[in-house]
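Participant: Got chain A sorted already, so can you dock chain B onto it with the hints?
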Amino acid sequence: MTSTRTFARMAAVALLAAGAIGTLAVSFAAPAAAQNRDPAYAAARANGTIGEKMDGYLGFVGSPSGNLKALVDDLNIRRKASYADRARAQGVTIEEFAFTQGCLLIARTVPGEKYQAPDGSWQTRGSSPARVDPRCPSAG
Amino acid sequence: MKFAKYMARWRKKAGLTATAADANTAPMAAWANGWRRMAGMVAIGLAPATTGACVNVNAPAEPIVIELNVNIKQEVLYRLVDSANENIEENPEIF
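Protein chains in written order, with the numbering used here: chain A, 1 to 140; chain B, 1 to 95.
Hint data in this document are derived by calculation from the structure and do not stem from the laboratory.
For each residue, glycine too, the CB sits at the ideal point set by N, CA and C.
Errors might be hidden in some of the hints.
Said to hold, decoys possible - Listed below are the simulated DSBU-like cross-link pairs for lysine-lysine, each with C-alpha atoms no more than 35 Å apart in a straight line:
#1 A:69 <-> A:53
#2 A:53 <-> B:73
#3 A:69 <-> B:73
#4 A:80 <-> B:73
Unchecked claim - From the derived model, a few chain A residues whose C-beta atoms are all more than 12 Å from chain B:
#5 61
#6 64
#7 66
#8 68
#9 80
#10 122
#11 131
#12 137
Only chain A is shown next, with the shape it has when bound in the complex (with noise of 0.2 Å):
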């Protein structure tokens, strides 16, 4: 009778970890769930139609139908515009600032997205860490 309550309750502390740490995998794993992204944008992100560049913006990897570009080009333009105004903010030039933030990008990709090598061709994001510019925060 003891052994079964102690097996019971051994058990409701082991599903709470366990829960947990699945909270936690997810929130570090997939940050993508949290955004809000375009319906289409999301799903050429997924399909591999386009790209994280390591200058901080959205390329293609084929040829892109005319709504998907006009929407990854309006992405791109809202982009450069943040990129401006930190860029202003912290003193450093755009272009820093947008490699900083591609660095960033390119790290957080997903298995199957696609992403911009250091050697500048297109690489499908594996299970394994993104191939980042040696000049990445986040490699050194």
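Facilitator: Here is chain B on its own, set in the frame of chain A:
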């Protein structure tokens, strides 16, 4: 003694003393010239060697300068990480 006196007179008459003096100084001058020329040649020979040494000194200096630029840039990038992460949090729809 008499013979020596005669010889001296003969030498004077023949102008041998002068030529003897010339003969003595001439090789000296040639020898000095030779040394000067050799020194010049050595200097000419050294000139490329010294410039070569300068290049050798400058060559390792250049990569150090490049390295410095990389470090400065990397330092800048490190400083921007917080702002870049904040950017993603504040504008999740564009990233």
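Participant: Look at each hint and say if it fits the structure.
Facilitator: Now the hints, each set against the structure:
no.	hint	result
1	A:69 <-> A:53	holds (15 Å)
2	A:53 <-> B:73	holds (19 Å)
3	A:69 <-> B:73	holds (32 Å)
4	A:80 <-> B:73	holds (20 Å)
5	61	holds (18 Å)
6	64	holds (17 Å)
7	66	holds (20 Å)
8	68	holds (15 Å)
9	80	violated (10 Å)
10	122	holds (19 Å)
11	131	holds (17 Å)
12	137	violated (5 Å)
The earlier numbered hints that this structure contradicts are 9 and 12.
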